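Chemist: Residue numbers (our numbering), protein chains in the order written: chain G, 6 to 403; chain D, 6 to 403.
Everything labelled a hint here was simulated from the structure, so no lab data went into it. Nothing here was measured: the structure is a model prediction, and the numbers come from that model. Do not take every clue at face value.
Remember, identical chains collapse to one label, so a pair may be satisfied in a single copy or spanning two.
Stated by the list, open to error - No more than 20 Å apart at the CA atoms, straight line, and that leaves these computed lysine-lysine pairs for PhoX-like:
#, residue 1, residue 2
1, Lys327, Lys81
2, Lys245, Lys276
3, Lys15, Lys235
4, Lys49, Lys359
5, Lys345, Lys16
6, Lys16, Lys395
7, Lys189, Lys235
8, Lys88, Lys337
9, Lys15, Lys258
10, Lys88, Lys345
11, Lys327, Lys235
12, Lys276, Lys16
There are 2 protein chains.
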Amino acid sequence: MKPVKFTIDKKISGGLGRAGTIITPHGALETPVFIVVGTKGSVKSLTTEQVLGLGGQSVLANTYHLYLEPGDELVKNSGGLGKFMNWEGPTFTDSGGFQVFSLGAAMGKSVGKIATGEEIAEYTDEGNFGGKLAQIDEEGVTFRSFMNGSEHRFTPERSMEIQQNLGADIIFAFDECTSPMAPKEYQMQAMERTHRWAKRCLESHSKIDQALFGVIQGGRFEDLRKESAKVLAGLEVNGKTFDGFGIGGSFVKEDMATAVRWVNEILPEDKPRHLLGVGEPEDLFLGVENGCDTFDCVAPTRQGRNGNFYTNEGRIIIQNSKFREDLSPVEKDCGCYACKNFSKAYIAHLFRAKEMLGPTLGSIHNLYFIVNLVKKIRQSILDGNFPQFKEEFLGKYR
Amino acid sequence: MKPVKFTIDKKISGGLGRAGTIITPHGALETPVFIVVGTKGSVKSLTTEQVLGLGGQSVLANTYHLYLEPGDELVKNSGGLGKFMNWEGPTFTDSGGFQVFSLGAAMGKSVGKIATGEEIAEYTDEGNFGGKLAQIDEEGVTFRSFMNGSEHRFTPERSMEIQQNLGADIIFAFDECTSPMAPKEYQMQAMERTHRWAKRCLESHSKIDQALFGVIQGGRFEDLRKESAKVLAGLEVNGKTFDGFGIGGSFVKEDMATAVRWVNEILPEDKPRHLLGVGEPEDLFLGVENGCDTFDCVAPTRQGRNGNFYTNEGRIIIQNSKFREDLSPVEKDCGCYACKNFSKAYIAHLFRAKEMLGPTLGSIHNLYFIVNLVKKIRQSILDGNFPQFKEEFLGKYR
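Looking at chain G on its own, in the form it has when it is part of the complex:
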């Protein structure tokens, strides 16, 4: 019995993209699907009722954050992540690898999965994002808490133990996440270590109703990405293989689609593929087109909290003075709670008045926008008109 079952419903003609269904112990995911991020066991500023209301199918939380607060034992004692946060649908946790390196090194800075040139420049010199607050060895990583500086250690085995306690339906192997601009030599070493850690994850993971995904690394190097896909796709320990795959690492924006294609041409077609930390509209089209099934990203809620609203014509900044007296909704035909009930003028007022309802409405709208965009992408695959839908959408979206 596999913890998750994946079936392909329809493929994009002549390409890697597909629409499918992942059956998890907590229900089905119709892919491609955007997984809503609830880093600390809460989708920021939203109740689970609101997440359901906007069409969210699944939530992804963070091993690193939940381990530090409130602790994985408490989550386990609460009946697992879903029960703890009152989410009845499928759940994911990522392995904590990305956070150990990015938060460890970049205390107070936010390092996006798709880095800008400036962000990358800060981390060019050394391999693991400067490594200031995370020390890596063959066994694992010692790091300091972003909350209080206390020292902690993650190993592949410990990550599995914590993620089994958190109890999500789909979890990820513990990987080392490198800077996209790290030298190739370092990328290779890190990737090979990630492969050895992947094997240890497969060995130590024992929760049978929980799917374990391997994480592909290799940066922007074709040979490394392909090798990583080949090694992890073929990895077998006592008859056990990965139930699916995550595609990890920070990407330089232009490289993302290519790197994803290299990998997905090699990964087995019959297992689901998650593109970690990617969720801007253009990137979602590219990710789907190149064979990814599930996505997660903090951008929709983070942008929404800051008053940046997605629309079919691109993002708008609600605090812009031109919206001060605009009595129309953010998006005319949008079905989200914010657009059905409030004007731009009202939402702009909430942001000016520093009312918490502003960030809440921004999060609802943006998540609705992205979740439903991916649903429409799925439908376009089923309808056999993905290329047309992509062209139509991106033609308007600036």
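We have chain G; now place chain D onto it with these hints.
Modeler: Okay, now just chain D, sitting in the frame of chain G:
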């Protein structure tokens, strides 16, 4: 045609208290009722859907705040306060009097309606809370914005104009709110000015589907409170009288019930009475018992945002370490969204992790608690057992 119609459904035997119904242009209020505060046109951290879900019947917003941001003209152009904030039920606005004086003088400090001894001590010397940022004359008040220090002027006529633009169902006459410890001489002068302003409010108010309530002042002095009630109850301008009354002023806690009784023994029985800014459980019982019908207070949401949750045994601080692993709800038999779906341990985690959902759940729970407490008080009046219910509730509530 009166803008609101008030009927008494049942009285507390031998006392001033009563259960009644106020019919407004936007629906009925079953009294006694707690009016949910949405100062800036938003019940802090909640959607209007959530306010409805917890049993909220009506929302009270603030003239002073909405005048400054986003401006009353915009609210008018949006179709009025209810439409602007997507609240279909009855709405109130207070006159801005309290805020002009308290926020004007006490920039950055919060002056509660029921002041503590220390708060009062700061304002003992002068009449109108020190008057540093509010200058009063016979015509009106010049004050500085709490937002940016810009200068503004309110007169009774201007307050009516703004409140007519905001368009709530029930509005209040513009009054001068004095410190509860101001000398009697000043209290008397302020009260008499408030009476002259009340007459000007009646004269200038012209919106026929909007009820205008006079505001009784007089501090803690029996003769002044009684005079204020007598004068405003009898005030008639061109055949027009007040549709109801607000009882205003900051109270010293011990004096509240007495001052309310003095007033309500004089006010006409057939008009509704609002106790401004009062909403702690004990005070609600005292207010109802002494003849008040409607109440508003920021305490439930403010307390909830800070992690202080009402329970039948008194308030608890959710961040207290004893709740860290407590998997039971805040209140066992509570029907609110927070208690039905989340444990104390989870809510405590949200506050520790600084997740916005924490303050949201705190606001939902506390508003549910207070709104439903007043509903139960109403029911106890209808059932003829108010004294027993009061004793039972306050016996447990510490």
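Chemist: A separate judgement is required for each hint: does it hold in the structure or not?
Modeler: Tested hints:
1. Proximity of Lys327 and Lys81 under a CA criterion of 20 Å is satisfied inter-copy only: 18 Å between copies versus 49 Å inside one chain copy.
2. Taking the shortest alpha-carbon separations for Lys245 and Lys276, only the intra-copy value of 14 Å comes in at or below 20 Å, while the best inter-copy value is 77 Å.
3. Proximity of Lys15 and Lys235 under a CA criterion of 20 Å is satisfied in neither setting, with 25 Å inside one chain copy and 80 Å between copies.
4. In this assembly of identical chains, the alpha carbons of Lys49 and Lys359 lie at most 20 Å apart whether taken from the same copy (16 Å) or from different copies (10 Å).
5. Taking identical chains as interchangeable, the C-alpha atoms of Lys345 and Lys16 are never at most 20 Å apart, the minima being 34 Å within one chain and 43 Å between chains.
6. Proximity of Lys16 to Lys395 under the C-alpha cut-off of 20 Å is restricted to the intra-copy arrangement: shortest distance 15 Å within a copy versus 67 Å between copies.
7. Taking CA atoms no more than 20 Å apart as the test, Lys189 paired with Lys235 passes inside one copy only; the shortest distance there is 18 Å, against 87 Å between copies.
8. Taking identical chains as interchangeable, the C-alpha atoms of Lys88 and Lys337 lie at most 20 Å apart only when they sit on different chains, with a minimum of 17 Å there against 36 Å within one chain.
9. Proximity of Lys15 to Lys258 under the C-alpha cut-off of 20 Å is found in neither arrangement, the shortest distances being 28 Å within a copy and 70 Å between copies.
10. Within a single copy, Lys88 and Lys345 get their C-alpha atoms only as close as 31 Å, which misses the 20 Å cut-off; across copies the closest is 12 Å, which meets it.
11. For the identical chains of this complex, Lys327 and Lys235 are neighbours neither inside a copy (53 Å) nor across copies (50 Å), given an alpha-carbon limit of 20 Å.
12. Only within a single protomer do Lys276 and Lys16 lie at most 20 Å apart by alpha-carbon distance; the minimum there is 14 Å, versus 70 Å between protomers.
Of the numbered hints stated above, those contradicted by the structure are hints 3, 5, 9, 11, listed in ascending order.
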